[in-house]
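Residue numbers (this note's numbering), protein chains in the order written: chain W, 487 to 602; chain C, 834 to 949.
Note that these hints are calculated values from the structure, not bench results.
A portion of the hints provided could be inaccurate.
Unchecked claim - Straight line, CA to CA, 30 Å or less: simulated DSSO-like cross-link-like pairs of lysine-lysine:
#1 W:499 x W:543
#2 W:543 x C:836
#3 W:543 x C:903
#4 C:849 x C:948
#5 C:849 x C:906
#6 W:538 x W:499
#7 W:543 x W:508
#8 W:543 x C:948
#9 W:538 x C:906
#10 C:903 x C:836
#11 W:501 x W:543
#12 C:903 x C:849
As the list claims (entries may be wrong) - The following label-pair restraints were derived from C-beta to C-beta distances:
#13 C:904 x W:542: 25 to 31 Å
#14 W:496 x C:889: 25 to 31 Å
#15 W:500 x C:900: 28 to 34 Å
#16 C:894 x W:556: 46 to 52 Å
#17 C:879 x W:551: 26 to 32 Å
#18 W:566 x C:891: 45 to 51 Å
Where a beta carbon is used, it is the ideal one built from N, C-alpha and C, also for glycine.
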Amino acid sequence: AAGVIQSPRHLIKEKRETATLKCYPIPRHDTVYWYQQGPGQDPQFLISFYEKMQSDKGSIPDRFSAQQFSDYHSELNMSSLELGDSALYFCASSPRPSGGAGNEQFFGPGTRLTVL
Amino acid sequence: AQKITQTQPGMFVQEKEAVTLDCTYDTSDQSYGLFWYKQPSSGEMIFLIYQGSYDEQNATEGRYSLNFQKARKSANLVISASQLGDSAMYFCAMSPDYNQGGKLIFGQGTELSVKP
Numbered sequence: 487a488a489g490v491i492q493s494p495r496h497l498i499k500e501k502r503e504t505a506t507l508k509c510y511p512i513p514r515h516d517t518v519y520w521y522q523q524g525p526g527q528d529p530q531f532l533i534s535f536y537e538k539m540q541s542d543k544g545s546i547p548d549r550f551s552a553q554q555f556s557d558y559h560s561e562l563n564m565s566s567l568e569l570g571d572s573a574l575y576f577c578a579s580s581p582r583p584s585g586g587a588g589n590e591q592f593f594g595p596g597t598r599l600t601v602l
Numbered sequence: 834a835q836k837i838t839q840t841q842p843g844m845f846v847q848e849k850e851a852v853t854l855d856c857t858y859d860t861s862d863q864s865y866g867l868f869w870y871k872q873p874s875s876g877e878m879i880f881l882i883y884q885g886s887y888d889e890q891n892a893t894e895g896r897y898s899l900n901f902q903k904a905r906k907s908a909n910l911v912i913s914a915s916q917l918g919d920s921a922m923y924f925c926a927m928s929p930d931y932n933q934g935g936k937l938i939f940g941q942g943t944e945l946s947v948k949p
């Protein structure tokens, strides 16, 4: 079965550089979520999109922006990178909710960002 | 605000035995969803099981079952017949709406080690 695809899998950047993370959801999933997981931490919600519109926003720094495109893939853009941005970034997708059943979010393998 | 608490930072279990991972949650909403995810050392987040707040029966998925006690606000994960491959970090998570899903709020995680 198709899974969520994230690219790149690993990324090394210098401080103050920019990074773009890409996410390709499972086909026919119309909701995309981004999470950040620091070392030894639980994942923290950043932002989500439903049908290409931002649906919710969490603790996402102003230096970060994201969007969902017409083919439902999403990109997370990160500028002025800081050492503290080093983390595992997950994208998750879920299908249209249907009365409580199947609200599962399926996670991609993550992009491990290291800022030096 | 919603909150998930996992009080067991680490657990050990003998291979082939059953183990219960604790999860309590705090919310004033009546509509919510509860999830368990497994994160092996490789880093990916694997969906295990889902329980909706209006579901009267406990969810089961193979060797995984969710012991849902609504009045006590607990959603413990039971793994039967533990296997060496079950060694991983386990996260309990909550979504804010039974019908619409939404962002996941994670607990701190429990690291499970299965001994041969």
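Checked hints:
no. : hint                      : result
1   : W:499 x W:543             : holds (25 Å)
2   : W:543 x C:836             : holds (17 Å)
3   : W:543 x C:903             : holds (28 Å)
4   : C:849 x C:948             : holds (9 Å)
5   : C:849 x C:906             : holds (29 Å)
6   : W:538 x W:499             : holds (28 Å)
7   : W:543 x W:508             : holds (18 Å)
8   : W:543 x C:948             : violated (41 Å)
9   : W:538 x C:906             : violated (35 Å)
10  : C:903 x C:836             : holds (15 Å)
11  : W:501 x W:543             : holds (25 Å)
12  : C:903 x C:849             : holds (29 Å)
13  : C:904 x W:542: 25 to 31 Å : holds (29 Å)
14  : W:496 x C:889: 25 to 31 Å : violated (45 Å)
15  : W:500 x C:900: 28 to 34 Å : violated (48 Å)
16  : C:894 x W:556: 46 to 52 Å : violated (35 Å)
17  : C:879 x W:551: 26 to 32 Å : holds (29 Å)
18  : W:566 x C:891: 45 to 51 Å : holds (47 Å)
Hint violations for this structure: numbers 8, 9, 14, 15, 16, all remaining hints satisfied.
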